[in-house]
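Student: If you want the building blocks of each chain, they are given just below.
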Amino acid sequence: MKGVRFWGTRGSLPVALTAAGLTDKLRGVLRAARGQAIATDADIEQLLASLPFALAGTYGGHSSCVQIDAGGPDYLVCDMGSGLRPFGQAAMAQRAGQPQTFHIFMSHLHWDHIMGLPFFVPAFIPGNRVIVYGSHREIEEALRRQQEPPSFPVGFDTIFEGRIEFRHLEPGVPHQVAGLTVTTMLQRHTGDSYGYRFESQGKVLVYSTDSEHPLADPAHTERFVQFFRDADLVIFDAMYSLADAISVKADWGHSSNVVAVELCQLANVRHLCMTHHEPVFGDAAIEAMLAETRRLEEITRTAAPLRVSAAYDGLDIGL
Amino acid sequence: MQITAQSFADTIVVSPMGRIDHRSAAELEATLLPLVGQAAERRGALVLDFSGVDYISSVGLRVLMIAARQMRGAQALLSVAALQSVVAEIFTISRFDKVLTVNATLEDALAQASDAALTAYRARP
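These protein sequence lines are chains A and B, in that order.
Here the first sequence is numbered in my numbering, starting from 5 and rising by one per residue.
Here the second sequence is numbered in my numbering, starting from 21 and rising by one per residue.
Treat the hints with care, as some may be off.
What the hints assert, rightly or not - For lysine to any residue, the following SDA-like pairs were computed, each having C-alpha atoms within a straight-line distance of at most 25 Å: (1) A:Lys253 <-> B:Ala94; (2) B:Lys118 <-> A:Glu302; (3) A:Lys253 <-> B:Asp117; (4) B:Lys118 <-> A:Val284; (5) A:Lys253 <-> B:Ala46; (6) A:Lys29 <-> A:Ser313; (7) B:Lys118 <-> A:Gly286; (8) A:Lys253 <-> B:Gln104; (9) B:Lys118 <-> A:Phe285; (10) A:Lys253 <-> B:Arg89; (11) A:Lys253 <-> B:Val122; (12) B:Lys118 <-> A:Ala254; (13) B:Lys118 <-> A:Val252; (14) A:Lys207 <-> A:Val181; (15) A:Lys29 <-> A:Ala289; (16) A:Lys29 <-> A:Asp45; (17) A:Lys253 <-> B:Met37; (18) A:Lys29 <-> A:Ile42; (19) B:Lys118 <-> A:Trp256; (20) A:Lys253 <-> B:Ile86; (21) A:Lys253 <-> B:Glu49; (22) A:Lys253 <-> B:Ser71; (23) B:Lys118 <-> A:Val181; (24) B:Lys118 <-> A:Leu294; (25) A:Lys6 <-> A:Gln93; (26) B:Lys118 <-> A:Thr304; (27) A:Lys253 <-> B:Met85; (28) B:Lys118 <-> A:Pro283; (29) A:Lys253 <-> B:Gln95; (30) B:Lys118 <-> A:Ala288; (31) A:Lys253 <-> B:Leu53; (32) B:Lys118 <-> A:Ala292; (33) B:Lys118 <-> A:Asp45; (34) B:Lys118 <-> A:Glu296; (35) B:Lys118 <-> A:Ser251.
What the hints assert, rightly or not - Just a sample of chain B residues kept apart from chain A, beta carbon distances all over 12 Å, derived: (36) Gln22; (37) Ala25; (38) Thr51; (39) Glu127; (40) Ala131.
These are calculated hints, taken from the structure and not from any lab test.
Using N, Cα and C, we set each Cβ at its ideal position, and we do this for glycine too.
Make the full structure from the sequences, and use the hints.
Tutor: Structure representation (structure tokens):
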């Protein structure tokens with residue numbers, strides 16, 4: 005397992021940078037450029053590299069989709085949010101004309117995690133295979149339903165012509181998929197969600213999104229600590245502040261940056277990457293939350309440092 | 021973790037000492053919530069003196085949220101006072117500084133609770 009690439013990092017609903025938001029960024033960049041050398045392309049690159057990510061970049065707007073580079077010829081993906089569309093385009097460009105196999109692991113079946121499939125062009129191409137894995141029994145039903153009239157103009161069978169297969173993953177049972185050992189675990193979320201632990205050649209990746217953590221249940225905490233144990237990377241739903249997650253947004257099925265750090269510290273995780281960003285948060289808010297989370301890790305650290313990142317569309321993390 | 025409680029006029033001051041983490045939060049909950057019940061019943065105030073707390077985890081913050089909700093339901097005041105710098109940062113990062121009343125010192129918290137509470141505190145032996 006070589007690493008991951010994020011194609012969709014926004015929670016609940018895709019968002020787009022607006023014209024006003026872009027103008028704000030340009031204004032900030034031009035202010036930062038005052039008095040700086042910008043005569044050459046190299047000068048410009050140097051200036052851009054010095055700017056905060058929230059100013060020179062954007063966390064992006066697609067809903068959940070994360071590609072795993074397992075080192076083999078097949079593609080592996082977690083969730084089919086709207087990020088599945090650009091992933092599919094990239095896969096088409098990378099290996100055009102060759103039959104491809106896609107293994108897709110479903111955390112759950114809420115709209116933001118399945119909406120990319122009708123726009124996943126590789127599944128339209130004869131010769132390609134798409135194998136959808138998950139621990140819900142209703143995966144096929146949910147994917148077919150979103151393409152029924154009046155919700156979508158083209159039916160499931162019409163465009164996929166039998167190229168999509170479904171495999172059930174029994175929670176807690178290790179399965180072998182494309183060279184990885186894959187284990188799922190039930191998470192707390194309306195309609196249930198499942199976390200994934202991927203293991204290969206001594207590397208461990210955990211994908212745990214749309215998961216609420218009841219703080220008063222030590223058995224729950226211990227279950228997650230064991231699931232995260234010694235992971236090289238944990239991709240974690242840190243959608244809300246802790247105060248919101250346990251008050252006005254209690255039972256909404258999501259978690260916080262504070263719980264993310266605590267669980268990863270307890271489990272001796274090396275790298276935490278927060279994702280499923282709240283759609284109302286702008287880039288500056290996510291960047292501020294990242295800085296605060298890194299500070300929390302620093303002031304509460306009792307063992308080896310935990311690296312903390314915030315996912316954005318296009319982010320690559322090596323394992 | 022050690023927890024002591026004292027009354028000053030209509031106000032109860034609860035003073036935990038040490039770390040409030042996933043191991044000790046249950047002890048805080050067991051001690052604090054009956055006192056919250058008492059304070060809420062007589063619509064007095066409850067002040068958490070955090071001068072001796074050097075760490076609080078999410079599980080501990082949850083206990084404060086429950087206590088604050090109970091007090092709010094009884095239209096009674098709960099405040100937290102004298103946060104150490106690390107704990108103050110945890111309050112900010114978790115946004116608990118937005119949902120709880122936080123005072124810089126215990127005297128500030130007692131003054132906010134009632135004149136009688138502050139007077140009684142200052143008159144302690």
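Student: So, for every hint listed, does it hold in this structure?
Tutor: Hints, one by one, checked against the model:
1. A:Lys253 <-> B:Ala94: The given pair, whose Cα atoms are some 22 Å apart, holds under the 25 Å limit.
2. B:Lys118 <-> A:Glu302: Holds - the C-alpha atoms of A:Glu302 and B:Lys118 are around 22 Å apart, at most 25 Å.
3. A:Lys253 <-> B:Asp117: holds (17 Å)
4. B:Lys118 <-> A:Val284: holds (19 Å)
5. A:Lys253 <-> B:Ala46: Roughly 23 Å separates the two Cα atoms, so the pair holds.
6. A:Lys29 <-> A:Ser313: holds (22 Å)
7. B:Lys118 <-> A:Gly286: holds (20 Å)
8. A:Lys253 <-> B:Gln104: Answer violated: A:Lys253 to B:Gln104 is near 28 Å, above 25 Å.
9. B:Lys118 <-> A:Phe285: holds (18 Å)
10. A:Lys253 <-> B:Arg89: holds (14 Å)
11. A:Lys253 <-> B:Val122: holds (22 Å)
12. B:Lys118 <-> A:Ala254: holds (17 Å)
13. B:Lys118 <-> A:Val252: holds (13 Å)
14. A:Lys207 <-> A:Val181: holds (15 Å)
15. A:Lys29 <-> A:Ala289: Holds. A:Lys29 to A:Ala289 sits at ~14 Å (cutoff 25 Å).
16. A:Lys29 <-> A:Asp45: Since the Cα atoms of A:Lys29 and A:Asp45 sit roughly 19 Å apart, the hinted pair holds (cutoff 25 Å).
17. A:Lys253 <-> B:Met37: violated (30 Å)
18. A:Lys29 <-> A:Ile42: holds (17 Å)
19. B:Lys118 <-> A:Trp256: Roughly 20 Å between the alpha carbons, so the hint for B:Lys118 and A:Trp256 holds.
20. A:Lys253 <-> B:Ile86: holds (14 Å)
21. A:Lys253 <-> B:Glu49: holds (22 Å)
22. A:Lys253 <-> B:Ser71: Judged against 25 Å, a Cα distance of about 30 Å means the pair is violated.
23. B:Lys118 <-> A:Val181: Violated - the C-alpha atoms of A:Val181 and B:Lys118 are around 46 Å apart, more than 25 Å.
24. B:Lys118 <-> A:Leu294: OK: B:Lys118 and A:Leu294 at ~19 Å, within 25 Å.
25. A:Lys6 <-> A:Gln93: holds (21 Å)
26. B:Lys118 <-> A:Thr304: Between B:Lys118 and A:Thr304 the Cα gap is close to 21 Å, so the pair holds against 25 Å.
27. A:Lys253 <-> B:Met85: holds (13 Å)
28. B:Lys118 <-> A:Pro283: holds (21 Å)
29. A:Lys253 <-> B:Gln95: With a Cα-Cα distance of about 22 Å, the restraint between A:Lys253 and B:Gln95 holds, given a limit of 25 Å.
30. B:Lys118 <-> A:Ala288: holds (19 Å)
31. A:Lys253 <-> B:Leu53: Between A:Lys253 and B:Leu53 the Cα gap is close to 23 Å, so the pair holds against 25 Å.
32. B:Lys118 <-> A:Ala292: Given pair B:Lys118, A:Ala292 holds - Cα atoms ~16 Å apart, limit 25 Å.
33. B:Lys118 <-> A:Asp45: violated (45 Å)
34. B:Lys118 <-> A:Glu296: Holds, because 15 Å separates the two Cα atoms, which is no more than 25 Å.
35. B:Lys118 <-> A:Ser251: Holds, at about 12 Å.
36. Gln22: holds (21 Å)
37. Ala25: It holds; B:Ala25 is separated from chain A by about 22 Å at its closest Cβ, greater than 12 Å.
38. Thr51: holds (16 Å)
39. Glu127: holds (26 Å)
40. Ala131: At about 25 Å from chain A, B:Ala131 clears the 12 Å cut-off, so the statement holds.
Going through the hint list in order, the structure does not satisfy hints 8, 17, 22, 23, 33.
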